[in-house]
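Participant: Make a model of the complete structure from these sequences and hints.
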Amino acid sequence: MPFAKSGNENFKTSTNGYSPNKFSFSDFANGILIVYQVCNIAQGPFVMRGDVFHRIGGLHNGFGRMALLEFFVRSKGELKIAKLSNCRWTHEIARVDRGTLEGSNDVTEYAAFGNKFNILRIVTNNRIEWTTCVSNWKLCPEKPYVKPTELSSVAAPICCGIVLFQMLKDITWALTQLGVDYRVIYGTLLGAVRSQTVIPWTCDVDIALTKADYGNSSTYSSIAELLRTKGSHYYLGISYMGMPRGHMLMAPYIEVDTTPFFDGPDDLEGNNLLFSSDIEEAIQDMLPVSSGWRERRYVDFYISPSVWLNGSALAVINNEQFVTLKDIDYELTNWYGKGYLQPAHRGEWFGCLD
1 MPFAKSGNEN FKTSTNGYSP NKFSFSDFAN GILIVYQVCN IAQGPFVMRG DVFHRIGGLH
61 NGFGRMALLE FFVRSKGELK IAKLSNCRWT HEIARVDRGT LEGSNDVTEY AAFGNKFNIL
121 RIVTNNRIEW TTCVSNWKLC PEKPYVKPTE LSSVAAPICC GIVLFQMLKD ITWALTQLGV
181 DYRVIYGTLL GAVRSQTVIP WTCDVDIALT KADYGNSSTY SSIAELLRTK GSHYYLGISY
241 MGMPRGHMLM APYIEVDTTP FFDGPDDLEG NNLLFSSDIE EAIQDMLPVS SGWRERRYVD
301 FYISPSVWLN GSALAVINNE QFVTLKDIDY ELTNWYGKGY LQPAHRGEWF GCLD
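The numbering of the sequence shown is the UniProt record's numbering, which starts it at 1 and goes up by one.
Read the hints as simulated data drawn from the structure, not as lab findings.
The structure presented is a predicted model; accordingly, all values stated were derived computationally and were not measured.
A couple of the hints might just be wrong.
Unchecked claim - Below, simulated DSSO-like cross-link-like pairs (lysine-lysine); rule was C-alpha separation at most 27 Å, straight line:
| id | residue 1 | residue 2 |
| --- | --- | --- |
| 1 | 338 | 326 |
| 2 | 169 | 143 |
| 3 | 338 | 143 |
| 4 | 116 | 80 |
| 5 | 326 | 211 |
| 6 | 169 | 211 |
| 7 | 169 | 326 |
| 8 | 143 | 326 |
| 9 | 147 | 230 |
| 10 | 169 | 138 |
| 11 | 76 | 116 |
| 12 | 147 | 169 |
| 13 | 169 | 230 |
Facilitator: Shown next as structure tokens:
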């Protein structure tokens, strides 16, 4: 049940085109009953007439995992396609498929899709995705994150600090599973000490590794492969400015049953819970979506001096524990001065700041 929402309050694009009508026919020669469903959008393999596919323009490069949705939105809901019940993606395609972006650290597909159609939010059966995250003083306070339960909050934009927290959880989980020693450092540790959260205006997560692990390319490929097994897609390795970094290859998202947002199976628009005045106000400045890599947030890896590995402590971020340095106050004072507990930005702030 995909549903794409424009950033313009006067324009809604519905891509929820599943028809409730099913049809079937029998292959008497082989004794097979084939069931198909008439629809105008699919999230899996589908069959349609070749001349119609080419008339619409086929699949465009540069949209990665958004290529199918971009095609369907471009078709303006006028398709009649067959979604066969016995048709499946191959294992290789199901594992990962970014098209021409495969293997790249350049996560351009969500910005390209959002800007082309003025779309910020995509609602499916079990999650809400955004083509970008938000970072400002109104929506993203510096305090521990609590997953929203109110439907109006669930449907609201996702703060970039929450995206960074997901990256931190994913990558430190993988490091622990692989037996790789790590320490959270710099701004990530500062946020843990000062407010027990990820600093909302920061651009990155900071993780230190041993010199051997830092310089071993298999460290990063192993992390990416392990995360892929649980459905999380990342690029990890040498990145911008020749530094090893981690980039999430997924849109900001929250997993949630979206049934309450729709008034029955025939509702393609969604009810007012998706379009409250607070949400409309929150998205006013989110377009155009930036394609800059810093605005998409990332993980920085550093070489850990031996003294950082001489003992450890636990840092609490959003009520979860992460391994950090033993002498926390000494290191934070060394990095940020004695007043490190005072936020660098007060009052109104916007975006990714140093």
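Participant: When you check the alpha-carbon spacing of residue 169 and residue 211, does it fall within 27 Å?
Facilitator: holds (22 Å)
Participant: Checking one constraint from the list: CA of residue 338 to CA of residue 143, max 27 Å. Satisfied?
Facilitator: The given pair, whose Cα atoms are some 21 Å apart, holds under the 27 Å limit.
Participant: Taking 27 Å as the top limit, are the C-alpha atoms of residue 147 and residue 169 close enough?
Facilitator: holds (15 Å)
Participant: CA of residue 326 to CA of residue 211, is that 27 Å or under?
Facilitator: Answer holds: residue 326 to residue 211 is near 18 Å, not above 27 Å.
Participant: Given the hint that residue 169 pairs with residue 230, does the C-alpha gap stay at or below 27 Å?
Facilitator: holds (13 Å)
Participant: Check whether the Cα positions of residue 169 and residue 138 lie no farther apart than 27 Å.
Facilitator: holds (25 Å)
Participant: Please verify whether residue 169 and residue 143 have alpha carbons no more than 27 Å apart.
Facilitator: At roughly 17 Å apart (the allowed maximum being 27 Å), residue 143 and residue 169 satisfy the hint.
Participant: With a cut-off of 27 Å on the C-alpha distance, tell me whether residue 116 and residue 80 pass.
Facilitator: Judged against 27 Å, a Cα distance of about 24 Å means the pair holds.
Participant: Has the given pair, residue 338 with residue 326, been kept, meaning a C-alpha gap of at most 27 Å?
Facilitator: holds (18 Å)
Participant: Can you confirm whether the C-alpha distance between residue 169 and residue 326 stays at or below 27 Å?
Facilitator: holds (20 Å)
Participant: Tell me if the straight-line CA distance from residue 76 to residue 116 falls inside 27 Å.
Facilitator: holds (14 Å)
Participant: Is residue 143 close enough to residue 326, meaning Cα to Cα at most 27 Å?
Facilitator: holds (24 Å)
In the structure shown, no violation is registered for any of the earlier numbered hints.
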